[in-house]
Amino acid sequence: KNQVEQSPQSLIILEGKNCTLQCNYTVSPFSNLRWYKQDTGRGPVSLTIMTFSENTKSNGRYTATLDADTKQSSLHITASQLSDSASYICVVTSGTYKYIFGTGTRLKVLA
Amino acid sequence: DARVTQTPRDKVTEMGQEVTMRCQPILGHNTVFWYRQTMMQGLELLAYFRNRAPLDDSGMPKDRFSAEMPDATLATLKIQPSEPRDSAVYFCASGFEGLAGEQFFGPGTRLTVL
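The listed protein sequences correspond, in order, to chains Y and Z. Count along the first sequence from 1, then add 183; that gives the number in our numbering. Count along the second sequence from 1, then add 27; that gives the number in our numbering.
Among the hints, a few may not be true.
Claimed, not checked - Pairs of lysine-lysine, DSSO-like flavour, derived with a Cα cap of 30 Å:
#1 Lys-240(Y) with Lys-200(Y)
#2 Lys-254(Y) with Lys-184(Y)
#3 Lys-89(Z) with Lys-38(Z)
#4 Lys-38(Z) with Lys-281(Y)
#5 Lys-200(Y) with Lys-291(Y)
#6 Lys-38(Z) with Lys-291(Y)
#7 Lys-184(Y) with Lys-240(Y)
#8 Lys-89(Z) with Lys-184(Y)
#9 Lys-281(Y) with Lys-105(Z)
#10 Lys-254(Y) with Lys-200(Y)
#11 Lys-240(Y) with Lys-281(Y)
#12 Lys-281(Y) with Lys-89(Z)
#13 Lys-281(Y) with Lys-200(Y)
#14 Lys-254(Y) with Lys-281(Y)
#15 Lys-291(Y) with Lys-240(Y)
Unchecked claim - A few chain Z residues that don't get close to chain Y, going by computed Cβ distances all over 10 Å:
#16 Pro-35
#17 Thr-58
#18 Gly-69
#19 Lys-89
#20 Phe-92
#21 Met-96
#22 Thr-103
#23 Lys-105
#24 Glu-110
#25 Ala-120
#26 Gly-133
#27 Pro-134
#28 Gly-135
#29 Val-140
Unchecked claim - One side of the interface only, derived from the structure: several residues of chain Y facing chain Z at Cβ under 7 Å:
#30 Pro-227
#31 Ala-269
#32 Phe-284
Simulated from the structure, these hints should not be mistaken for laboratory data. Every residue gets a Cβ at the ideal spot worked out from N, C-alpha and C, and that includes glycine.
Could you build the full structure based on these sequences and the hints that come with them?
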């Protein structure tokens, strides 16, 4: 069964600290993996996308990694800001349009 | 600034009533998705259109839900009759088909069925 699992479910950190969110998947066939950021009351917004051959991708303070052998991805946030408070969703694409969503990690950044 | 728009943003209705949600995809995009999001389930795909043709609606309860694209600028999701368990946020997303096709999400419609 195609599945995407994220951990932790929720996380609280202090402003300025770094954090890492995890995504494990069992999806076949694998096309690509995306990380989305979803602010409260808004739709998800894409942060990064990685294909099978890519193992790291950065977008500002966000760095995603992909290990296709172990089927794991991580999203690292550097020097967190209050505006990073959001849900982060890992999505794996299987084939052309089958999108398998994780349930997300809720991040809260405190001043 | 191209973006997906959805109306209404909020809808409160009583059980048994018909609900219609509308979505205007980004001009030029050829794929449209409808999702439902709840706290317990996360994002669930309800329907997928490519070039206005429905390709996958396996995630949608067929007896009460229907999705259409009457033209390239409008997608609709209808629930008839609505039930309290339909309460959720419904997102529309559009994009280009392809292996790296990114989806652009609308702001969502928050539906509450009493």
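**Report entry** Interface exclusion of Glu-110(Z) relative to chain Y, criterion Cβ beyond 10 Å
**Finding:** holds, 23 Å
**Report entry** Hint consistency between Lys-254(Y) and Lys-281(Y) [alpha-carbon to alpha-carbon, up to 30 Å]
**Finding:** holds, 17 Å
Query - Distance restraint between Lys-240(Y) and Lys-200(Y), which requires alpha-carbon spacing of 30 Å or less - result: holds, 20 Å
Query raised in the report: Taking 30 Å as the top limit, are the C-alpha atoms of Lys-240(Y) and Lys-281(Y) close enough?
Result: holds, 22 Å
Query raised in the report: Taking only the CA atoms, is the gap from Lys-38(Z) to Lys-291(Y) under or equal to 30 Å?
Result: holds, 28 Å
Query raised in the report: Between Lys-291(Y) and Lys-240(Y), does the CA-CA distance stay at or below 30 Å?
Result: holds, 23 Å
Report task. Examine each Cβ of chain Y, and state whether all of them lie more than 10 Å from the Cβ of Lys-89(Z). Result -> At about 19 Å from chain Y, Lys-89(Z) clears the 10 Å cut-off, so the statement holds.
Report task. Compare the distance between the alpha carbons of Lys-281(Y) and Lys-89(Z) with 30 Å, and conclude whether the hinted pair is satisfied. Result -> holds, 19 Å
Query raised in the report: If you draw a straight line from the CA of Lys-281(Y) to the CA of Lys-105(Z), is it 30 Å or shorter?
Result: The hint holds at about 23 Å.
Query raised in the report: Are Lys-38(Z) and Lys-281(Y) close enough, with their CA atoms no more than 30 Å apart?
Result: Holds, because 29 Å separates the two Cα atoms, which is no more than 30 Å.
Query raised in the report: Holds or violated: are the alpha carbons of Lys-254(Y) and Lys-184(Y) at most 30 Å from each other?
Result: Given that 30 Å is the threshold and the Cα spacing comes to 14 Å, the pair holds.
**Report entry** Beyond 10 Å from every chain Y Cβ - status for Pro-134(Z)
**Finding:** violated, 6 Å
Going down the numbered hints, you'll see the structure goes against 13, 17, 18, 25, 26, 27, 28 and 31, while the others check out.
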